Amino acid sequence: MAKHVLNCTVNDEPTEVLVQPWDTLLDALRERMGLTGPKEGCGTGDCGACTVHFDGKPIASCLLLAMQARGHTVRTIEGLGKPGALHPLQEAFVKHGVPQCGFCIPGVLMAAAALLTENPRPTEEEIRYGIAGNLCRCTGYTKMLAAITETAGAAAGRRS
Amino acid sequence: MSSVMKTTRDVKGIGLSIPRPDAPEKVTGVVQYVADLSPRGLLHAKLLRSPHAHARILKIDVSKARALPGVRAVLTAADIPELKRKAPTRAHAVLAIDRVVFAGQPVAAVAADEPAIAEEALDLIDVQYEVLAVSADPLEAMKPGAPPVADAGTEADTSEAQAHGSVAGVTTEAKPAKAVNISQQARLQRGDVAKALAESDVVIEKTYRVPMVHQGYLEPHAVLAQWDTAGNLTLWASTQGSFNTRSEVADVLEISENRIKVIPMECGGGFGGKIRALCEPITAILARATARPVRYVMTRREELEAGMPAPQVIIRLKTGVKRDGTLMAIEGEAILESGAFSGAVLAVSGVFLASLYRWPNFDVKGFEVLTHKPSIAAYRAPVAPQTIFAIDSQMEQIARAIGADPVEFRLRHLQREGDKMANGQPWLSNGAVEVLTRIAEHPLWKKRAEWKASSKDGRLRGTGLSLGGWLGGLQPTGATVRLNPDGTLQVLTGQVDIAGTNIALAQIAATAYGVDIDKVKITTGDTDVAPMTGLSAGSKTTYTVGVAVMQAAQNARNQTLEIAAKELEASVHDLEIDDGKVVVRGVPNKGVTLAQIGKKGNLYMSKVEPVLGVSHPAFSVQAPAFCAQLAKIEIDPDTGELTLHDFVVVQDVGKAINPLQIEGQMQGGAVQSLGMALTEALMYDDKGRLMNPSLLDYRKLTAADLPNIETIIVEKPAPHGPFGARGVGEPPIVPAPAAIANAVEDATGVRLTVLPLSPERIALAIANGK
Numbered sequence: 212m213a214k215h216v217l218n219c220t221v222n223d224e225p226t227e228v229l230v231q232p233w234d235t236l237l238d239a240l241r242e243r244m245g246l247t248g249p250k251e252g253c254g255t256g257d258c259g260a261c262t263v264h265f266d267g268k269p270i271a272s273c274l275l276l277a278m279q280a281r282g283h284t285v286r287t288i289e290g291l292g293k294p295g296a297l298h299p300l301q302e303a304f305v306k307h308g309v310p311q312c313g314f315c316i317p318g319v320l321m322a323a324a325a326l327l328t329e330n331p332r333p334t335e336e337e338i339r340y341g342i343a344g345n346l347c348r349c350t351g352y353t354k355m356l357a358a359i360t361e362t363a364g365a366a367a368g369r370r371s
Numbered sequence: 018m019s020s021v022m023k024t025t026r027d028v029k030g031i032g033l034s035i036p037r038p039d040a041p042e043k044v045t046g047v048v049q050y051v052a053d054l055s056p057r058g059l060l061h062a063k064l065l066r067s068p069h070a071h072a073r074i075l076k077i078d079v080s081k082a083r084a085l086p087g088v089r090a091v092l093t094a095a096d097i098p099e100l101k102r103k104a105p106t107r108a109h110a111v112l113a114i115d116r117v118v119f120a121g122q123p124v125a126a127v128a129a130d131e132p133a134i135a136e137e138a139l140d141l142i143d144v145q146y147e148v149l150a151v152s153a154d155p156l157e158a159m160k161p162g163a164p165p166v167a168d169a170g171t172e173a174d175t176s177e178a179q180a181h182g183s184v185a186g187v188t189t190e191a192k193p194a195k196a197v198n199i200s201q202q203a204r205l206q207r208g209d210v211a212k213a214l215a216e217s218d219v220v221i222e223k224t225y226r227v228p229m230v231h232q233g234y235l236e237p238h239a240v241l242a243q244w245d246t247a248g249n250l251t252l253w254a255s256t257q258g259s260f261n262t263r264s265e266v267a268d269v270l271e272i273s274e275n276r277i278k279v280i281p282m283e284c285g286g287g288f289g290g291k292i293r294a295l296c297e298p299i300t301a302i303l304a305r306a307t308a309r310p311v312r313y314v315m316t317r318r319e320e321l322e323a324g325m326p327a328p329q330v331i332i333r334l335k336t337g338v339k340r341d342g343t344l345m346a347i348e349g350e351a352i353l354e355s356g357a358f359s360g361a362v363l364a365v366s367g368v369f370l371a372s373l374y375r376w377p378n379f380d381v382k383g384f385e386v387l388t389h390k391p392s393i394a395a396y397r398a399p400v401a402p403q404t405i406f407a408i409d410s411q412m413e414q415i416a417r418a419i420g421a422d423p424v425e426f427r428l429r430h431l432q433r434e435g436d437k438m439a440n441g442q443p444w445l446s447n448g449a450v451e452v453l454t455r456i457a458e459h460p461l462w463k464k465r466a467e468w469k470a471s472s473k474d475g476r477l478r479g480t481g482l483s484l485g486g487w488l489g490g491l492q493p494t495g496a497t498v499r500l501n502p503d504g505t506l507q508v509l510t511g512q513v514d515i516a517g518t519n520i521a522l523a524q525i526a527a528t529a530y531g532v533d534i535d536k537v538k539i540t541t542g543d544t545d546v547a548p549m550t551g552l553s554a555g556s557k558t559t560y561t562v563g564v565a566v567m568q569a570a571q572n573a574r575n576q577t578l579e580i581a582a583k584e585l586e587a588s589v590h591d592l593e594i595d596d597g598k599v600v601v602r603g604v605p606n607k608g609v610t611l612a613q614i615g616k617k618g619n620l621y622m623s624k625v626e627p628v629l630g631v632s633h634p635a636f637s638v639q640a641p642a643f644c645a646q647l648a649k650i651e652i653d654p655d656t657g658e659l660t661l662h663d664f665v666v667v668q669d670v671g672k673a674i675n676p677l678q679i680e681g682q683m684q685g686g687a688v689q690s691l692g693m694a695l696t697e698a699l700m701y702d703d704k705g706r707l708m709n710p711s712l713l714d715y716r717k718l719t720a721a722d723l724p725n726i727e728t729i730i731v732e733k734p735a736p737h738g739p740f741g742a743r744g745v746g747e748p749p750i751v752p753a754p755a756a757i758a759n760a761v762e763d764a765t766g767v768r769l770t771v772l773p774l775s776p777e778r779i780a781l782a783i784a785n786g787k
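Chains as they are written, first to last, in my numbering: chain A, 212 to 371; chain B, 18 to 787.
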């Protein structure tokens, strides 16, 4: 079967790649664009490890066909911050010692970043539900909550 | 390491709460797992798996699959000469030969240009099965005449049992019993149990049941295999022990170990499930058949259907005590469902049941039973959470029955250092008393009566606690510490960092040598270059590799001081290392920098030996580590919904090398076993087929299900640990199920003995009043 041309914006860059019609967005990011930050933990939308921003909203990229991203804007963990220029959430995750095995972390960070964009001063419960679609087996979530809470508080402090 | 604030001269290493050096790579998605590797010419593997739990393979036709464009290899057992009909382990059962013994067992393998092509090829393989009768329930499987799982004459694999059995010091008998599916038996006995039970005032008999559960690591099993033209194999693996992976693959492929290089990639969680080889041999065989690099990544469905979960554990206990609380006797029977291959750990269960508390008379039997299900493996403190669920629930009920304070009752009967375990070995120094005492001082425990009395709107409130632990593992290991020409240190081990242990090892090296942690780099080497080392398992990485690193760093320090002594014309005994310099004590301006010493070790024509500290110790003394946990809960009696309001973990870590990382271990371990307590179960139908093969239906706890997990670190130094440290990883997964069940009884008055404590189980128990 012929490959299709996918045009979209990925991490602020206009991007053109060839994808198979059955490729998911996650497949296209990982296998066609070399963006391996988003992870496949289940492939069925249950674990959240593949979370990316799609037009600014968090989605499970394993549940979207790649061609459905044509003309849309995608941000992956690679577009959130870089080593040496971390996003405040990434800084807080490092400082609080959140990552253990690290496999869930890109998805959790994308979910948390989307949450704080939509709701800059979330309650503890709102944070818990904001990352409830992201399974983590190592941390018990406690340090994640501390890191996200601190980031939200710091951002609020800067604004006021 | 930006967050190390150098405010005083005593920064060094031990005791600092600092992030892992790889944390920035992990939060940016830069760190690489096996599935992130795509070498040129990569092929993708897929396995065709049996839909039947027990069947004879009559015929396999792969001709259509082989003809599909893009398919590079289709293999069945007939194509692999190394395969033996009687596979001694799961790893040897690369592809089924003439019989499948669990649903999900691989029967054919495909390598293709794209994963989708490989999947399409699987659909084109035609397998004809003759479906056979299934042993799906361990209690049925034990009976004579049950459908047999193992081929007649297959030796039980006791390597895992012996590894952990020696942890518990119990000899496990592997001789086949009368009932064909009982693959191991053990028995611990002392005194006259029947007489003591007859003389008891309060006899309680209960059967506890914990289903098979999955370790739940987020990264599915994955491996990349590539052969060079000289016949050497490289495996990029997600493993808890690269040397073990190498040995197992060498054994299956019948090639020498020095022809295999295992490169341990970042491991996206293991928890015991990535110790034994699983998909590595077939991937290596596909790579050999195609002369191309082949990557295999299991799907989540495959993980759940055909991974290596924890055994189902069924424990019947009968205990007798006097009305004044004197322990009389315990009689027990532990049945571990091992799935299709032997490998369960009977000994740990027996030791905790018979001798965590001071039973003067005991008779505890253990049975490992084979069934037509995926074979089991270790899961973080193998069988300890299930065993403590039984014995701690039992202790709580006894205390309630005789009106004793539950903490005082446990403390009164808890075995102390020097007391004999059921295997005849003495209990070693441990902090069981300390953690139990500490948690009983917690305000949530002191105010438990008020919390219970505050129940309102028909909801029921309760508090429970539990004590559990792990005996501690041992394995020989090795480490080197080099001094670099710029005065920094380079630590090399072969130990896979699955739990933040590398930063702890670097901290140990910093303190033992005498430099600050930001001058230490630690590397996990592959099996070609690293000192041989054991598994990252058994809560023994910091305890054993920590000693190797400490000794190697001390060795490097001694070499450094001797070089400096010559330079400074001083006695070694008058020298100290401070702020990157070796100085003569009391003469701060007389010194030589570490960089100067390092440079001379790497200078053309230099006569100064390069500093290379080496240690490769073996060990004989374990360090048991205990943990106490407390749960404050609320239950809706109509729906059975349980809300966890607070959860406290108190753990003895010996010496906290890095409190930040230890807290993470304590919180994560607790939440794993809260999942075991509340939601998780691999559910099988009577044909041995998994009914919930997705993470929607195999329900792990999310952030929305949980409160913050409070951690309290207790430090009772381990006599032989590095700077007094003990193992940290396993103890926190042990007590939670019992703590929850005890809290449920406190809230509702009903005792639940079957996990998980789902809303329907709780609601039904309340409705039935028991």
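Worth flagging that the hints you see were computed from the coordinates, not collected in a lab.
One or more of the hints may lead you astray.
Claimed, not checked - DSS-like, lysine-lysine: derived pairs with alpha carbons at most 27 Å apart:
1. B:LYS223 with B:LYS335
2. B:LYS617 with B:LYS29
3. A:LYS306 with B:LYS29
4. B:LYS278 with B:LYS538
5. B:LYS81 with A:LYS214
6. B:LYS672 with A:LYS306
7. B:LYS339 with B:LYS223
8. A:LYS268 with B:LYS382
9. B:LYS29 with B:LYS538
10. A:LYS293 with B:LYS538
11. A:LYS306 with B:LYS538
Bear in mind that the values here come from a model prediction, so they are computed numbers and not experimental data.
Hint-by-hint comparison with the structure:
1. B:LYS223 with B:LYS335: holds (7 Å)
2. B:LYS617 with B:LYS29: holds (24 Å)
3. A:LYS306 with B:LYS29: holds (19 Å)
4. B:LYS278 with B:LYS538: holds (23 Å)
5. B:LYS81 with A:LYS214: With a Cα-Cα distance of about 24 Å, the restraint between LYS81 of chain B and LYS214 of chain A holds, given a limit of 27 Å.
6. B:LYS672 with A:LYS306: holds (22 Å)
7. B:LYS339 with B:LYS223: holds (18 Å)
8. A:LYS268 with B:LYS382: violated (56 Å)
9. B:LYS29 with B:LYS538: holds (13 Å)
10. A:LYS293 with B:LYS538: holds (22 Å)
11. A:LYS306 with B:LYS538: holds (19 Å)
In summary, the structure is inconsistent with hint 8 from the numbered list given earlier, while agreeing with all the others.
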